[in-house]
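> If you read the sequences in order, they're chains A and B. Each residue of the first sequence is one higher than the one before, counting from 1 in the working numbering. Each residue of the second sequence is one higher than the one before, counting from 522 in the working numbering.
To be clear, the hints were calculated from the coordinates, so they are not data collected in a lab. The C-beta atom is built at its ideal place from N, Cα and C for all residues, glycine as well. Any given hint might turn out to be false.
Unchecked claim - Examples of chain B residues toward chain A, derived with CB under 8 Å:
#, residue
1, 618
2, 641
3, 649
4, 664
5, 665
6, 668
7, 669
8, 676
9, 709
10, 717
11, 720
12, 724
13, 767
14, 770
15, 785
Said to hold, decoys possible - Derived lysine-lysine pairs resembling DSSO-like cross-links, with alpha carbons at most 30 Å apart:
#, chain 1, residue 1, chain 2, residue 2
16, B, 657, A, 51
17, B, 816, B, 827
18, B, 614, A, 174
19, B, 657, A, 475
20, B, 655, A, 165
21, B, 657, A, 165
22, B, 614, A, 165
23, A, 439, B, 742
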Amino acid sequence: MKLNYRIVIFALAIIFGVFFSAPSLLQMEDGKKVTLGLDLQGGLHMLLGVKTEEATKSRIKSITASIKHFAQRKDILLDGLKFDETTVSFSLLDEDDAGQIKEFLSQIEGSNIVVNAESYSLNLTDEEIVKTEKEAISQAIETIRNRLDQFGLAEPVVARQGAEKILVQLAGIKTQEEEQRARELISRAAKLELMAVDEDRAARVYTMSQADAREYGDVILEDAKNPQIKHLVREIPILDGGMLTDANMGFNQNNKPQINFTLNAEGAEIFGDFTGRNVGKRLAVVLDGKVYSDPVINERIGGGSGQISGSYTVMEAKDLAIALRSGALLAPIYLMEKRSVGPSLGADSIRASMIALIGGFILVIIFMVIYYRMAGVIANIALVANLFIILAVMSLFGATLTLPGMAGIVLTVGMAVDANVIISERIRELVYQGKSMHKAIEDGYANAMRAILDANITTLIAAVVLYVYGTGAIKGFAITISIGILASMLTAILGTHGIYSMLENKIQKSKNNRFWFGIKG
Amino acid sequence: MEFFKYTRTFNFMGKSKFALVFSIFLVLSSYVLLATKGLNYGVDFAGGTIVQVKYDTAAPIDAMREKLKSNEIFANASITEFGSPDEVVIRMKTTTGNVTVDIGDMTREALKSTGNYEIRRVDIVGPTVGAELKEKGIMSLVLAVIGILIYVAFRFEWRFAVASIIALVHDVSIALGAITLVGLDVNLDVLAALLTILGYSLNDTIIVFDRIREGVTNSKKVDLTDIVNESVTRTLARTTLTSLTTFFVVFTLFMFGGEIIHPFAFTLLVGVVIGTYSSVFVASPILIWFGFDVKNYHVKLANKAKREVEKQRMRDQYESGVM
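Chain A extracted, bound-state conformation (with noise of 0.2 Å):
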């Protein structure tokens, strides 16, 4: 027996992964631990896309109302003020005032404006429009991140993918109405709106249409509680939530749940100004485009808060909240994909494929040790270390073990008993041929080491390929399969060579080859 550099590198590969497996394979609670995919444990992927068509529309018409208060704040007159998707127009009554709307107009970014006599009219420019829609993504994955954040789950992962899709991951979600409430809240526009009743048409809105109501500058919008109840309000919203500071759930004097929300100073004057205004009248208080409220104005309102009322469970209130408080999406978004696996599925997962890979296991080691004996555990003690040092790795850089990637670990198996095969078949020939041990083994594993190699990294051409191409789970496999094979040159080459070298004299003086190599002889 005798030590050799070969064998301390093995030992030292078999400590590093016997040590670091060990988080994951005992559930201990410090260390880094293995991730299981969400194929394994349940949860919910989804890659969702922006309408970042309507962030324009939505600036279009949050500008038409600040020129609206601008207006008024300086009593400016403006007649026929009205936006479409593309377009704010009005036409200003006193030509006095030009120097005015142009200044404040001017200070709107990345707009093209048209004056003709004294009709004006306000379009965003092609470069204000990509970056509005390019804020609309960003936006929407900060939002949706910060909604989840304070959903309560452990890493939710929110993600831009690509240029312009959002990959959400939501591990450990238990039951279907967990799942729902978290897509509900993601979802949510959350775009609270505080607009005008139209107090001199109100009366009417049940024999209008959306097109006459249009005619007026106003909007027929939809009860929260009854959409039979509908409100006439006027299109151009006093102000918008993107001027709220918090929002909290809290109860009225009923004990019923309630929104509580605080706006900040901008929109606390344009509050102001507006109720002191408008006394007696009703104010509409609009979330994601139904009313949820319309209080009687009774004296102006300072301060900058508010409530939105509506019937619902105090855990809606408080999703409500969460939604508000972490902003309004500025544009709405939709379902590209979605993987939801249920926790049961995961276990089955999980147990089937354990079954798969300790069944293969015990197949293949039997077998090694029947067909070449001690060469044949040796090549074992290999397999095994492999298997430690793929999960050590893998609990170390925070890698995700999904489905595929337990299939990746079972065809290592399979894979890294080759290279073994080859070498003791490389040996056995050599044997044959009478050459001394320490000559078979050296050269065997010389003439094997260059097909081993080859064969090897043609394989991880195609993991690589795989990894770079591949998508979720898929990845998994890749990832597996390329340290299967990079550890396998380390246990299956290197550490068997180490324990032959280490046992050289021993078979010599043996002469036993059946028992070493299990040939005859």
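Use these hints to put chain B onto chain A, whose structure you have.
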């Protein structure tokens, strides 16, 4: 234990004509199947929805069908058993874009009153994502083949590379044919299996080629057929053993890996068998047919060695200051 003891060289290449006929038959049948029956793209590539439902008792498939007629969106829904009578998979070509209420929720709603069930999996792949995955999938197959081609050409010789690629195309074609024959849903996992077959079959081919390369370099023989026969015979034990062990594990995966892993394991199972066959009976004969010239190769090797010696001589001269 020994399955194959090397005592004499088998004349594998003598049988290669039969193998050729057999291979051509298999590949052509695969193409006919692909052209007539066609690949059955699953939701990953075609877009669509999969809902996996598990009942407490045997799934009431007829009642489910009846319920699903209630809504246009479930048109063309197919319901099939999944592993056990309690569990079924509903496949639909339709998808929905709404985040809060999607087609999975609608299915849950529609199935109410068909019994006690649990929705275990919902996969919705929108058409754009499906098309993208398909594009990426084809791309990955092509790139893997190109990468391998370059590597083998670099390590061996171009004829080796072309022969191994033909063997790969042969294997993948037959695997696709088998997939079409049993009507497997082609999803991302099947693609992964196909890529694994590429790697695996190439493994086998390279082990044989490595022996041929060794034989060509070291042996005095000049007849390539003899060298190939000897190399194939000498690697036969390894080829069989590795195929067997790999077959063991893939087979246990197929038997016990669970319903979800079935398409993956099936594809691999076919691949292991075909890959082993092709490395002996497809890749090696092609090398011969391409007219790989041993003598020529020897001359090339000799020239290369001569150049090396010459270079070394120059270097020595330079270092000793002669030049």
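> Evaluate each hint against the coordinates.
Each hint tested on the structure:
A distance limit of 8 Å between C-beta atoms decides the matter here; for residue 618/B the minimum to chain A is near 4 Å, and the interface restraint holds. Taking 8 Å as the C-beta cut-off, the interface hint given for residue 641/B holds, the closest approach to chain A being about 4 Å. Because the beta carbon of residue 649/B sits about 6 Å from the nearest beta carbon in chain A, less than 8 Å, this interface hint is met. Taken as an interface hint, residue 664/B checks out: its beta carbon lies about 5 Å from the nearest beta carbon of chain A, inside 8 Å.
Restraint check, residue 665/B versus chain A: the minimum CB separation of about 4 Å is within 8 Å; hint holds. Given the 8 Å rule on beta carbons, the hint for residue 668/B holds: about 4 Å separates it from the nearest Cβ of chain A. Checking residue 669/B against chain A by beta carbon gives a least distance of about 5 Å; that is within 8 Å, so the hint holds. A least Cβ separation of about 6 Å between residue 676/B and chain A falls short of the 8 Å threshold, and the interface hint therefore holds.
At about 5 Å, the closest approach between the beta carbon of residue 709/B and any beta carbon in chain A falls short of 8 Å, and the interface hint on this residue holds. Hint on residue 717/B holds. Least Cβ distance to chain A is approximately 7 Å, under the 8 Å limit. Because the closest C-beta pair between residue 720/B and chain A is about 4 Å apart, less than 8 Å, the hint holds. For residue 724/B, the suggested interface contact is upheld, since its CB lies about 4 Å from the closest CB of chain A, less than 8 Å.
At about 4 Å, the closest approach between the beta carbon of residue 767/B and any beta carbon in chain A falls short of 8 Å, and the interface hint on this residue holds. A least Cβ separation of about 3 Å between residue 770/B and chain A falls short of the 8 Å threshold, and the interface hint therefore holds. Look at residue 785/B: its Cβ gets to within about 6 Å of chain A, closer than 8 Å, so that hint holds up. Proximity of residue 657/B to residue 51/A is assessed by CA-CA distance (about 24 Å); at most 30 Å being required, the pair is judged to hold.
Proposed proximity of residue 816/B and residue 827/B is supported: the alpha carbons are some 16 Å apart, at most 30 Å. Proposed proximity of residue 614/B and residue 174/A is supported: the alpha carbons are some 28 Å apart, at most 30 Å. About 13 Å separates the Cα atoms of residue 657/B and residue 475/A, which keeps this hinted pair within 30 Å; it holds. Annotation: proposed proximity of residue 655/B to residue 165/A holds, straight-line Cα distance about 17 Å (limit 30 Å).
Taking the CA atoms of residue 657/B and residue 165/A, the gap is about 16 Å. The hint holds against a cut of 30 Å. Annotation: proposed proximity of residue 614/B to residue 165/A holds, straight-line Cα distance about 22 Å (limit 30 Å). Annotation: proposed proximity of residue 439/A to residue 742/B holds, straight-line Cα distance about 25 Å (limit 30 Å).
In the structure shown, no violation is registered for any of the earlier numbered hints.
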